[in-house]
Amino acid sequence: MNKISSRQIYLFLACVAPVGKLILLPAQLANFSKNDLLFPLLAHLLLQAAAVFCVLLLAKKGQTLYDLLVRAFGKIVAKMLSTVFALFLLFAALLPLLEQKLFVQNVFYDTLPSVVSFAPYFLFAAFVCAKPLAGFGRTWDILGPLAAVGLIGILALSAPNADYAALMPAGASGGAGFLKGAAAGFPWFYDAALLIPMLGHIDYKKGMAWKGALFYLLGGAFVIFFFATFYGIFQETAVNQLFAFSATSKYYSGITMLGRIDYVFIYALALVMAFYCALPVQGCAECALQAYGRKKYLPTVLGILISALLFALSLLLDYKFADVLKVISGTVFWLFPVFCLAVPALLLLFLIKGGRRETA
Amino acid sequence: MKNITGKLKGDLKELKKLLPAEDTLTFEFTAEKGLAFALIYADPITDKELLGEQVIRPLLRYEGEPAAAEVGKKITSPELRTEKSFEKLCEEILAGNPVLLWEGADEGIIAGTKKVFTRAVAEPSTDVVVKGPREGFIEDVKINTSLVRRRFKTGELKMDMLEVGRRSKTVIVVCYLEGISTKQVVEAVKKKLGEIDIDYIPDSSYLTHFLASRPYSLVKQVGTTEKPDTFCAKIAEGRVGLLVDGSPIALTVPYLLIEDFQSSEDYFVPPYRATFTRLLRLFALIVAIYLPAFYVAAQLFKLQLFPVKLLLTIAGSIRDIPFSPSLEMLLVLLVLEVLNEASIRMPKYVGMALSVVGALVLGETAVSAGFVSTPAIIIIAFSGIGLYAVPNLIEQTSVVRLVMLLVAGSVGTYGIVLVTAFVILYLVTTENFGVPLLAPFSPFRAHDLRDSLVKYNLGSLSTRPRLLKSPNKRRLR
Numbered sequence: 001m002n003k004i005s006s007r008q009i010y011l012f013l014a015c016v017a018p019v020g021k022l023i024l025l026p027a028q029l030a031n032f033s034k035n036d037l038l039f040p041l042l043a044h045l046l047l048q049a050a051a052v053f054c055v056l057l058l059a060k061k062g063q064t065l066y067d068l069l070v071r072a073f074g075k076i077v078a079k080m081l082s083t084v085f086a087l088f089l090l091f092a093a094l095l096p097l098l099e100q101k102l103f104v105q106n107v108f109y110d111t112l113p114s115v116v117s118f119a120p121y122f123l124f125a126a127f128v129c130a131k132p133l134a135g136f137g138r139t140w141d142i143l144g145p146l147a148a149v150g151l152i153g154i155l156a157l158s159a160p161n162a163d164y165a166a167l168m169p170a171g172a173s174g175g176a177g178f179l180k181g182a183a184a185g186f187p188w189f190y191d192a193a194l195l196i197p198m199l200g201h202i203d204y205k206k207g208m209a210w211k212g213a214l215f216y217l218l219g220g221a222f223v224i225f226f227f228a229t230f231y232g233i234f235q236e237t238a239v240n241q242l243f244a245f246s247a248t249s250k251y252y253s254g255i256t257m258l259g260r261i262d263y264v265f266i267y268a269l270a271l272v273m274a275f276y277c278a279l280p281v282q283g284c285a286e287c288a289l290q291a292y293g294r295k296k297y298l299p300t301v302l303g304i305l306i307s308a309l310l311f312a313l314s315l316l317l318d319y320k321f322a323d324v325l326k327v328i329s330g331t332v333f334w335l336f337p338v339f340c341l342a343v344p345a346l347l348l349l350f351l352i353k354g355g356r357r358e359t360a
Numbered sequence: 001m002k003n004i005t006g007k008l009k010g011d012l013k014e015l016k017k018l019l020p021a022e023d024t025l026t027f028e029f030t031a032e033k034g035l036a037f038a039l040i041y042a043d044p045i046t047d048k049e050l051l052g053e054q055v056i057r058p059l060l061r062y063e064g065e066p067a068a069a070e071v072g073k074k075i076t077s078p079e080l081r082t083e084k085s086f087e088k089l090c091e092e093i094l095a096g097n098p099v100l101l102w103e104g105a106d107e108g109i110i111a112g113t114k115k116v117f118t119r120a121v122a123e124p125s126t127d128v129v130v131k132g133p134r135e136g137f138i139e140d141v142k143i144n145t146s147l148v149r150r151r152f153k154t155g156e157l158k159m160d161m162l163e164v165g166r167r168s169k170t171v172i173v174v175c176y177l178e179g180i181s182t183k184q185v186v187e188a189v190k191k192k193l194g195e196i197d198i199d200y201i202p203d204s205s206y207l208t209h210f211l212a213s214r215p216y217s218l219v220k221q222v223g224t225t226e227k228p229d230t231f232c233a234k235i236a237e238g239r240v241g242l243l244v245d246g247s248p249i250a251l252t253v254p255y256l257l258i259e260d261f262q263s264s265e266d267y268f269v270p271p272y273r274a275t276f277t278r279l280l281r282l283f284a285l286i287v288a289i290y291l292p293a294f295y296v297a298a299q300l301f302k303l304q305l306f307p308v309k310l311l312l313t314i315a316g317s318i319r320d321i322p323f324s325p326s327l328e329m330l331l332v333l334l335v336l337e338v339l340n341e342a343s344i345r346m347p348k349y350v351g352m353a354l355s356v357v358g359a360l361v362l363g364e365t366a367v368s369a370g371f372v373s374t375p376a377i378i379i380i381a382f383s384g385i386g387l388y389a390v391p392n393l394i395e396q397t398s399v400v401r402l403v404m405l406l407v408a409g410s411v412g413t414y415g416i417v418l419v420t421a422f423v424i425l426y427l428v429t430t431e432n433f434g435v436p437l438l439a440p441f442s443p444f445r446a447h448d449l450r451d452s453l454v455k456y457n458l459g460s461l462s463t464r465p466r467l468l469k470s471p472n473k474r475r476l477r
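Note that the protein sequences, when read in sequence, are chains X and V.
Residue numbering for the first sequence follows the working numbering, beginning at 1 and increasing consecutively.
Residue numbering for the second sequence follows the working numbering, beginning at 1 and increasing consecutively.
Wrong hints could be hidden among the right ones.
Unchecked claim - Label-pair restraints from in silico Cβ distances:
id: 1; chain 1: X; residue 1: 315; chain 2: V; residue 2: 434; range: 39 to 47 Å
id: 2; chain 1: V; residue 1: 187; chain 2: X; residue 2: 73; range: 43 to 51 Å
id: 3; chain 1: X; residue 1: 123; chain 2: V; residue 2: 283; range: 47 to 55 Å
id: 4; chain 1: V; residue 1: 210; chain 2: X; residue 2: 322; range: 55 to 63 Å
To be verified - Residues of chain X placed beyond 12 Å of chain V at every Cβ, according to the derived structure:
id: 5; residue: 84
id: 6; residue: 104
id: 7; residue: 119
id: 8; residue: 124
id: 9; residue: 130
id: 10; residue: 136
id: 11; residue: 257
To be clear, the hints were calculated from the coordinates, so they are not data collected in a lab.
All C-beta atoms, glycine included, are put in the ideal place defined by N, C-alpha and C.
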């Protein structure tokens, strides 16, 4: 199977990555930044675009994360750092999984289903780990356009009901609102970190780094428009709308006649989200495999173990989502900028230094 | 391996020992000058009239030396070969080609007077067209090769014959255009065929198991067609074709899933019409797979999916149904599958009665009796018709539809989303002979989209599909 192509990376960054920000994040930012929710969002998008730029520059070397770490620090430290990064991805997978679970249980069922209704997802996550990364890249050729259709569809049904004037006056929540919103938003912005396990599997093309960052910002433009529409519809009550992309379109006037036609787009986005949320799980398995060797059935076994662990956590934390959110976005949010922003930059720095040393 | 000795009595005894079957006969005769000949043949599959005309009659007046080259000159059969080994001679006899031995023979002569029982070349019932050629392959590989050869009057068309099957010795013809098909694929096909160690190949479908990269997969990985024009068109694109003796279904590799959404007729109608029908087939298939599942899931878990008026109509229809929505749908689906299975194998005159029983007695009466609801019957009927829009994928899609239905009844709409995710990931990671199954969509190949779900006009299809990596790229100048 071939490597992940540049087109597939662009599709992921422009179409698939935005989908992960459309459930709980709009309400979260509205809670802290009120009508200024677009400012922390914009800041995050710019920071992530820079991180994506760094990671894609690293892809130029054609080496895996482990290989890069070995080059910079030697084998033992590389193994340790790979394990730490794998554990971070496992931790990063938790919030989107719980968020997705909550979304599925509330949006796809009239009555609250049993806790095991989301269980089949973990089979899928394990299946994803057993498949090669390049195969996952190929899914973006299908999911990218599907996500674009879903996003455009939802926006088309929602935009006529939004009052964009509600976003004014800009800056009303002040610097504190911005900082609080920015801090609380970090757990949703780990796209650059998702690309790191793919290093060595990316077919690098000239100019890929800046094009990747640009495509990420293009997808970000969709997200900004969606957030503006979301706040334009719900305004002060936006904070209570936990499942944003299924909530904004329900006021479409054709629903009385056609039924919940918007669910066509919601299901499309849910399908994309199933893949997106499985990415950190696969990334975690991939980092571990790079560091400790890839034996015949190890990817499958590791996938099953990681998925089982996440399933157990999802059962344990079933009614504690608010507490989990509080801890992840309030107490340990700093882990995200460290691993998603600092790690790519530092890796690049070490590589440049190493490169200079080699040249010298 | 024993060879013939030239002593006729001894050689006949040896052959009879190897072929003790009673339908293997020996005809002994003597030429005018006294040279003794013997013809050994398998009675049911040898054309005795031809044998008498082309072999026995000329040899009755034979006056020359008992050397194979001399004897061969007298025989008027156009298919003549010589062979020394008893084992090979036995194989030929069992294939319907009589063997001629004589006193002092250095080699046996094999005459190609096989009697072939074939049906006439007719339009295949699974691929009927309004416009375009109507010929279909039949069970005889020789006639099938002639149907292909007639379409390519070039020496570049290679037809490599192989024998597969320890006991059946089934003839398989590997067809390809030299310089257009990639050598790697041709070699890989031959290698895979050479590795098959099975005693009997009754049909080409047996080979698909050995040619697939994932033999136990539900997903189809080898292309099939009953039409020589489709077969030749695929070969002309750079694919490798396989004709199997005894099977009217030819195989082609590499296979793309999109091939089964295309019909041979698409190439004989305007491109916009072809595009429309291809999209229609895709739509029909999607609806056929998803409609029953979503209907059940919506009833059980998410009533909001129905518009209010439709919901009221459905509520009225299902009010007195004693079964759960999923069980009701499964029962109707089961009846459809049984009717389908029975109607295929029933004599035609009974088939009509079966349709009446199926449609009126079972359908109408079951609704009146309150066993099943009208929407369930409508949905399953539409789904049943929809699957036949892509007939070559029936085996796979009917299973997926059943899985979707079971998951929808237990997990709801999110289950359907997850099964779709599984299917997508599985399909994108499947490839055979180095070509991904879901191409040109995943991986995306813009050039090859010209003849995929959309169909461009002939002028735009000047180059062969890039996915097949043909060394000769241009087909239209």
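What hints, given by number in increasing order, does this structure fail?
3, 6, 7, 8, 9, 10 and 11
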